[in-house]
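Mind docking chain B on chain A? Use the hints.
Here the protein sequences come in this chain order: A and B. Counting from 447, one number per residue, gives the positions in the first sequence under this note's numbering. Counting from 229, one number per residue, gives the positions in the second sequence under this note's numbering.
Just so you know, not all the hints are guaranteed correct.
[What the hints assert, rightly or not] List time: in silico EDC-like cross-link candidates among lysine to aspartate or glutamate, alpha-carbon distance up to 20 Å: (1) B:Lys238 <-> B:Glu289; (2) A:Lys827 <-> A:Asp802; (3) B:Lys259 <-> A:Asp961; (4) A:Lys789 <-> A:Glu1050; (5) A:Lys863 <-> A:Asp922; (6) B:Lys258 <-> A:Asp922; (7) B:Lys353 <-> A:Asp1070; (8) B:Lys353 <-> A:Glu1035; (9) B:Lys353 <-> A:Asp802; (10) B:Lys319 <-> A:Glu1050; (11) B:Lys259 <-> B:Glu279; (12) B:Lys278 <-> B:Glu296; (13) B:Lys353 <-> A:Glu1032; (14) B:Lys353 <-> A:Glu1053; (15) B:Lys264 <-> B:Glu289; (16) B:Lys348 <-> A:Glu1032; (17) B:Lys353 <-> B:Glu289; (18) B:Lys238 <-> B:Asp302; (19) B:Lys348 <-> A:Asp785; (20) B:Lys298 <-> B:Glu257; (21) B:Lys342 <-> A:Asp963; (22) B:Lys319 <-> A:Asp963; (23) B:Lys348 <-> B:Glu317; (24) B:Lys324 <-> A:Asp922; (25) A:Lys827 <-> A:Asp785; (26) B:Lys319 <-> A:Glu885; (27) B:Lys259 <-> A:Glu885; (28) B:Lys263 <-> B:Glu289.
[As the list claims (entries may be wrong)] Partial list, derived from the structure: chain A residues whose beta carbon lies under 10 Å from chain B: (29) Thr704; (30) Glu849; (31) Ser881; (32) Arg985; (33) Gly1021; (34) Gly1028; (35) Arg1061.
Quick caveat, the hints were computed from the structure, so don't treat them as lab data. In this text, a Cβ means the ideal position worked out from N, Cα and C, and glycines have one as well.
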Amino acid sequence: MSLQGLISGSECALPANPLSQVLKHTEGDRSLQQDRVAGPSSSRLHHLPGTSSGVLEPDAALARSFFDAHPQGVFPGPSMPRFNIPPPEVSRLPDAGASTLQRSWADMNSIQDGVEHIRTEGAWAAEFGIRTQTGMAGPSIPQQARADFEQRSYTSNGLYGANQMGMYGVNPNYGSMYNTLPGYGLGSTPLMEQQDKGKGKSRESDFDAAFAEATASLSSLNVGEEKTIELSASVVEQIPGSEVGDAGSKQVDSDFRTYWDSLGTSDVAPPPEDLAKWEAEFNQLMSSRREDSDMLDYGESMQNAWESGLGDYGEEPRSEAVTRFDDEGLPIFSDFPFDQQNKYMGASTSSQSLLDQAKALLAQNGSLSEASLMIEAAIQKGELGEGGYEAWVLLGETRNMDEREETGMQALAEGVKRAQEVGAAPAGMLSLAISYTNESYDRAAHTMLLRWLQARFPSLAVPEETLQSIKNSAWDSHTRITDLFLEVARSQHAQGIVDPDVQIGLGVMFYTRGDFDRAKDCFEAALSMRPQDYLLWNRLGSCLSNGNKPEEALGAYREALSLRPTYTRAIYNVGVACLNIGAHQEAIEHFLSALAMQDSTGAEKSEQLWFTLRRAFIAMGRSDLAEQAKARPKVDVFRQAGFDF
Amino acid sequence: MADIKEPGFKTSDTLAALAQVFQSYSEQEKKAQIKKTNGIFELRVNNGGKEAVWTIDMKKEGTIYKGEAKPKPDVTILLSDDTFSQLAEGKIDGQKAFLTGKLKTKGNMMLATKLDGLLKTARTKAKL
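If we strip away everything but chain A, and leave its shape as in the complex, we get (with noise of 0.2 Å):
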């Protein structure tokens, strides 16, 4: 890490392995000094003949070891000429790239210690074996150090290219070479570091003329005799044996074949007229991608505009819409989704109201999805209960009750509102911060939790940093907050009082923060005060539940759902503790029996327990199911796959 932040800026940093970061430098060095003279060619390279003819990979990395061993190792030449010396068209780039470049440049002498270092140990070895076996290897050499030089060497594909072109169009010369050089196949010292300096020599000067050269005609094959030379020479001494017979000529010149193919559908080094329409083809090429993806960022934006704004009342504004916040983390709801087809919309039966008949309905353990389907007409009927808020909060409740949080949360809010307005503050305050934290909504939680602080204790001081906290983030918040209750909590307890609801404020304080342990202390402490809550017989099981103590909390969860058995949330619970656990089938069979207590409504059902169920199915391995799940069928298909419930 510490070495990355050392040798690299921030986009060309790197995972911290500095042997990937070598790597990644050569790579970078060689396809931008490639580009520079050819173009985007790093692809092209590949379909050279050299390297496309099969040469092995540990071939090519003996090789390589091999004639990179080559001029420290045995001669004392110039060390690494090919790092060492800085190309001059480096300092001459006038573009971005040339910064790039010598960064990298410098980036690359700076571990290249390191990297001789491996290289001359590991590469002796295998040099010397290199060198005894090149007499048989025959053929196979040429392409070798070819493949090698076209890899390593700063020769670009254009120089060589070029040369690789004048060197065969003065093919007698070629043959010669062979012949009239044998001096270089011994590598004695002397010629070794003059083809050191040959090569560089080449590298140095040679590049920009042949390049230039190239480019302004290809036809003129048998530019720069000198240059081929010296450059035939630094092939041609390479192969220590220099007995490369017939085969290995033709192989060369079956390759040079395909070479010049290549070249001619590349832009290697077109003439100048085949340049310009190059250009030009690439300019459109280029314009018409750049319209391309402007079309696209317009689409995108556009559509973007339209799901975050206008189609916020679309067909699913609960599960579709982006949800959006005030500056004090609410979230902002848009209209209550009544039921479509709500049976209770009907003219009335009876001469009770809807309202009181949802609340006998609740009081006799009824279904929930009935309940709430009631609350909703009278709601729409007008009937909305003590202050005008009261229908909401209750409809809220239920529907959290019965697992459907996110409209549930939404009644919630709209009756919290509506209390608000009518002064009668912390009615449903408790409820919707629970909701809101059920959604990791932990903003509005804290939100609510403390403007229910403020509404049940007017006289208590909050202080200013508390309620500006808020506007920053849940972290900060989360804090005061806290320390608010305990205040609170603290104060109660020196009179002797425990009061369940500061207790339950104080552990979703504590559950907001993944603190378990400490909000079941509190969930204890408040059912110490109301033994019969199945509320909060529920809460404690989902804190131990979370705090990964799923076994004791479905201790919990059981008393919650002896004292109120359609407690859709609950029965949730205990399938998520069963999956959890690992018990997939029970978990399933859970789930199940939740959705088929909605079914018998014909309310729609909620889309937690569809999801969760799926998941299930893909934890226990049945795709399938989980797929034929996604179209929601009746939930009896389940029981044919073997699910009791």
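Frame of chain A, contents of chain B only:
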């Protein structure tokens, strides 16, 4: 799922779970989640010796895979295995991790703040 696992990384368990979650999304839910997140995260997780790379694509496919992002990520997030599990458990949030230097980013930093929300969905939580 097995192709996500990487021995010695707690991260891989969370991500495997997250992959299950993604798999369980219906088309609609997946689209909603993609719209909400709209980013490709490349996670470079270090467990003290090794580094492993995962990609969470919540922009195009809605998938998770091991290895570098294809196409290139909107944000690359560098963090330790421990930080990742804290993030996933909600013990620390992305903003705090970033400010304390436990999490480094390259690319769209704002997107990185969406990561913890995404990770929270990995665990099926009981509800209050």
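To see whether the hints hold, each was checked on the structure:
{"no.": "1", "hint": "B:Lys238 <-> B:Glu289", "in the structure": "violated (24 Å)"}
{"no.": "2", "hint": "A:Lys827 <-> A:Asp802", "in the structure": "holds (13 Å)"}
{"no.": "3", "hint": "B:Lys259 <-> A:Asp961", "in the structure": "violated (33 Å)"}
{"no.": "4", "hint": "A:Lys789 <-> A:Glu1050", "in the structure": "holds (13 Å)"}
{"no.": "5", "hint": "A:Lys863 <-> A:Asp922", "in the structure": "violated (25 Å)"}
{"no.": "6", "hint": "B:Lys258 <-> A:Asp922", "in the structure": "violated (32 Å)"}
{"no.": "7", "hint": "B:Lys353 <-> A:Asp1070", "in the structure": "violated (24 Å)"}
{"no.": "8", "hint": "B:Lys353 <-> A:Glu1035", "in the structure": "holds (18 Å)"}
{"no.": "9", "hint": "B:Lys353 <-> A:Asp802", "in the structure": "violated (34 Å)"}
{"no.": "10", "hint": "B:Lys319 <-> A:Glu1050", "in the structure": "violated (35 Å)"}
{"no.": "11", "hint": "B:Lys259 <-> B:Glu279", "in the structure": "violated (31 Å)"}
{"no.": "12", "hint": "B:Lys278 <-> B:Glu296", "in the structure": "holds (15 Å)"}
{"no.": "13", "hint": "B:Lys353 <-> A:Glu1032", "in the structure": "holds (17 Å)"}
{"no.": "14", "hint": "B:Lys353 <-> A:Glu1053", "in the structure": "holds (15 Å)"}
{"no.": "15", "hint": "B:Lys264 <-> B:Glu289", "in the structure": "holds (14 Å)"}
{"no.": "16", "hint": "B:Lys348 <-> A:Glu1032", "in the structure": "violated (24 Å)"}
{"no.": "17", "hint": "B:Lys353 <-> B:Glu289", "in the structure": "violated (25 Å)"}
{"no.": "18", "hint": "B:Lys238 <-> B:Asp302", "in the structure": "violated (24 Å)"}
{"no.": "19", "hint": "B:Lys348 <-> A:Asp785", "in the structure": "violated (30 Å)"}
{"no.": "20", "hint": "B:Lys298 <-> B:Glu257", "in the structure": "violated (23 Å)"}
{"no.": "21", "hint": "B:Lys342 <-> A:Asp963", "in the structure": "violated (27 Å)"}
{"no.": "22", "hint": "B:Lys319 <-> A:Asp963", "in the structure": "holds (13 Å)"}
{"no.": "23", "hint": "B:Lys348 <-> B:Glu317", "in the structure": "holds (7 Å)"}
{"no.": "24", "hint": "B:Lys324 <-> A:Asp922", "in the structure": "holds (11 Å)"}
{"no.": "25", "hint": "A:Lys827 <-> A:Asp785", "in the structure": "holds (13 Å)"}
{"no.": "26", "hint": "B:Lys319 <-> A:Glu885", "in the structure": "holds (17 Å)"}
{"no.": "27", "hint": "B:Lys259 <-> A:Glu885", "in the structure": "holds (19 Å)"}
{"no.": "28", "hint": "B:Lys263 <-> B:Glu289", "in the structure": "holds (11 Å)"}
{"no.": "29", "hint": "Thr704", "in the structure": "violated (31 Å)"}
{"no.": "30", "hint": "Glu849", "in the structure": "holds (7 Å)"}
{"no.": "31", "hint": "Ser881", "in the structure": "holds (8 Å)"}
{"no.": "32", "hint": "Arg985", "in the structure": "holds (5 Å)"}
{"no.": "33", "hint": "Gly1021", "in the structure": "holds (9 Å)"}
{"no.": "34", "hint": "Gly1028", "in the structure": "violated (12 Å)"}
{"no.": "35", "hint": "Arg1061", "in the structure": "holds (4 Å)"}
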